[in-house]
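Chains as they are written, first to last, in my numbering: chain A, 1 to 355; chain B, 1001 to 1355.
Rather than coming from a laboratory, the hints here were simulated on the basis of the structure. Treat each hint with caution, since some may be false.
Unchecked claim - Derived pair list, reagent style SDA-like, types lysine to any residue, alpha-carbon separation capped at 25 Å:
no., chain 1, residue 1, chain 2, residue 2
1, A, Lys97, A, Gly316
2, A, Lys267, B, Leu1131
3, A, Lys210, B, Lys1109
4, B, Lys1152, A, Arg231
5, A, Lys71, A, Ala86
6, B, Lys1137, B, Gln1354
7, A, Lys96, A, Ser65
8, B, Lys1109, B, Val1076
9, A, Lys204, B, Lys1071
10, A, Lys267, B, Leu1287
11, B, Lys1071, B, Glu1041
12, A, Lys289, B, Lys1292
13, A, Lys265, B, Glu1229
14, B, Lys1319, B, Glu1256
Claimed, not checked - Stretch by stretch, here's where chain B covers chain A in the computed footprint (C-beta under 8 Å, at least three residues):
no., segment
15, 108 to 114
16, 246 to 254
17, 271 to 279
No residue lacks a Cβ here, since even glycine has one placed at the ideal position from N, Cα and C.
Protein chains: 2
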Amino acid sequence: MSSRIGLVMLGGNSMKEITKVVVDAMGGDNAPHEIIKGAVEAVGKSDAIHVILVGKEDVINQELSGYTYNKEQISVVHTSEVIETAEPPVMAIRRKKDSSIVVGLKMVKDKEADAFVSAGSSGAVLAGGQLLVGRIKGVERPPLAPLIPTEKGFSILIDCGANVDARPSHLVQFAKMGSIYMEHIMGVKNPKVAIVNIGAEEEKGNALVKETFPMLKECKDINFIGSIEAREIPHGQADVIVCEAFTGNVILKLYEGVASVLVSKIKGGMKQNLRGMIGGLLVKPVLKKTMKDFDASEYGGAPLLGLTGLVVKTHGSSKAKEVCNSILQCVTFKEEGINEKIKECIQAEEKSAQE
Amino acid sequence: MSSRIGLVMLGGNSMKEITKVVVDAMGGDNAPHEIIKGAVEAVGKSDAIHVILVGKEDVINQELSGYTYNKEQISVVHTSEVIETAEPPVMAIRRKKDSSIVVGLKMVKDKEADAFVSAGSSGAVLAGGQLLVGRIKGVERPPLAPLIPTEKGFSILIDCGANVDARPSHLVQFAKMGSIYMEHIMGVKNPKVAIVNIGAEEEKGNALVKETFPMLKECKDINFIGSIEAREIPHGQADVIVCEAFTGNVILKLYEGVASVLVSKIKGGMKQNLRGMIGGLLVKPVLKKTMKDFDASEYGGAPLLGLTGLVVKTHGSSKAKEVCNSILQCVTFKEEGINEKIKECIQAEEKSAQE
C-alpha cells in the first residue's frame, strides 16, 4: 500500500514529499472515535500527510463513514488483535503479532511509513519501539521526550520513562537529541540544556549526576548551563531538561498531579460562599486558559527519539486535538530531517571519541 | 546551663517534663529577627519548653530586648562563627567548631538539649546531624522527612534529601520511621505506606524499587499499600511516601515550583481584563487560602529521623510562624517518645533477622 504513496504534484511544478503516519486506531481511552476524528482533522490541515489507520477494519470504516475527507489521504490496514494497557508489554509485543501496535511499528521498521502514533499501552509502545523499529546507529538508548509547559512556554523532558537506571553516556546522548529537537522542531535557538539535580552546585547530586555533569560540560555541540533544581523547571529556566527516566516520569506525573489538585482546591474554595461563587464565575475563563496552557497534550505527543523511524506516544486519554497535533508533528519531524541530524551528531561524537 | 533546666512544678503536685530546644539564631534568610520572634512565640504558647538560642550573644540579646516573655524559658549560648549556605557542608562542620550549627548539634549529642532547630544551610544541618549527633543503634541512615500538603491533608515524604543512592534496607527503615511519625505525631491511625514508582504494577520500577518492594510487602509492622505514581501523591493516596533522597528532593521542590507558577499564571491572567480583575479581587481570599494550605511551612520543619536526638530543618525562608511550629513539634516528638518507638521497631527488626 505504501508504495502507492510518495511524491505528489502540488500547484504545477513544485513537488512535496508526503509524510506517511501510521496511527493506532485501537489505542487509548477514547479509541477509536477520537483517534479517527484526529486523523481526519490532520489530513484536513495538510495535504502533505497520508494517514494509515491500523486496527479493526470494520470498526475503522464505520467511523470513517461519518466524515468527509480526501480519500487518498487515509488508508486502512486491518489487524485482528489489541494490546490492552494491563498486559505485560514485552510479552504482549511478542505474542500479539497481529496487534495494531506491532503491525504499525513494523511498517515503520520496513520504511512503509515514516512515523507511528499511538495512545495505547505506554509499555507496549516503548518496548515495541525499541524492539521492533531499531535504533539509529550509535544511539545507545532511545529516550521518551514529552514537552512540558512552563511559565515561559515549554521545555523538553528527556527521558521521561523509557530507560530506567540509565548510564551517564545515555544521558549525554539524551541532551544532544533533546537539543536538536528543541532547536529544529520547536524553533528555540541555541536551547539551554540542564541536568536535573538536588542543588545548583556541581558537587551536589547522586552518583549518576556527578558522573554525567563533567561529560555534559565537555560537549561542544550543546549549550549546557549546569544543574537545574526541580523548583526551577516550571519557571522555564532551561529548554532541555535532562534526567534519568525514573526521575523524569516522577516530574511529568507530579506536574499533572499538583496542577489538578491545586485547581480543584481553588474551585472548591470558590464554592464556599457567595463572594467566591461570583468571583469564580468571573475568573472561570482565566482558570480554564491556565489549565489549558498547563496541559501538555496541547503540544502533541511525546516522541521516542533515536529510532530509525519516528514513534510518538500520546496520552492514554488523548482526544482528537492531541492526535491531530501528534500527526502534524510527524510532518515537521520529517521535513526538518531530525533523524539525519541525530545521526550526524551521534556519529560526530563517535568519530571524535576514536580520534 | 542545661542542668538548671529539668522538671518544673506545675499547679501544685503535677510535674511536667521540659523539652529543651536549641534554636540556631543565625540560620536562614530571615535570621536573627524572625527566628527569635518564633522562639518567643513558642515559649508564649507552652510552658513545657525551654529554648536555647545559639549564635552571636549581643545580636540575640538586642533582639530579645524588644519582647516580653518568661525569662526562665529562654537562654542564650554565644557562638562566634556562622556557616554560610554556600559553604561545602562537611568542611564547614569540621572547620567552624564555634558555629551555631556545630555548637547546637553538640548540645543535642551531649543530652544538654532534646532537639535542634535550624533554618540555616541544609547541607550543614544534614551532614552535622549525621556526623555530630549520632544514630539510634540499628538505624542505618537518618532520613529527612518533611510533611507535604495533599488534597486530603498532608503526607510525610521520606527521604527528601539526606541519603542519595540509598539501598533497599534503608528505604525499609524509612517506611517504618515515617509510619511511626505519622501515627504518633500526626495522629493518623494505621498510616498507609507507599513507595514512589513509575507505574502501579509490582514489576515496574528501577532496580532499587524492584528490590525494595517485596521487602516492604514482608514488613508486618507497617500498612504497605504498594506503589504510588507521582500523579497520585498530591491526591493524598498514601500517608507515608517512601523514596530515595534524589527522587524525594525532586518531588518536594517540584511541588513548590508547579504551585507557584500555576498561581502566578492565574493571577497574571486575571489582570488581562476588567472582568478578570473584578473576579480576581473576589477570589483573592480563596487563592490565598489555597496557597497557604499548599505551603509546607505551615506544618513546621522537616525532622531528620533516626538520630539519638531530634534535628529539625526548617525552610531557609522561614518566618516566625514556622520557627514556632517547629519548636512546638519538638515537644510532641519528645512527649510521644518517638525515638524510643523507633528504637523498639528497628531493634525488633534486628531481632527477627537474627532468629
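For a quick check of understanding: which of the numbered hints are violated here, in increasing order? 2, 3, 5, 7, 9, 15
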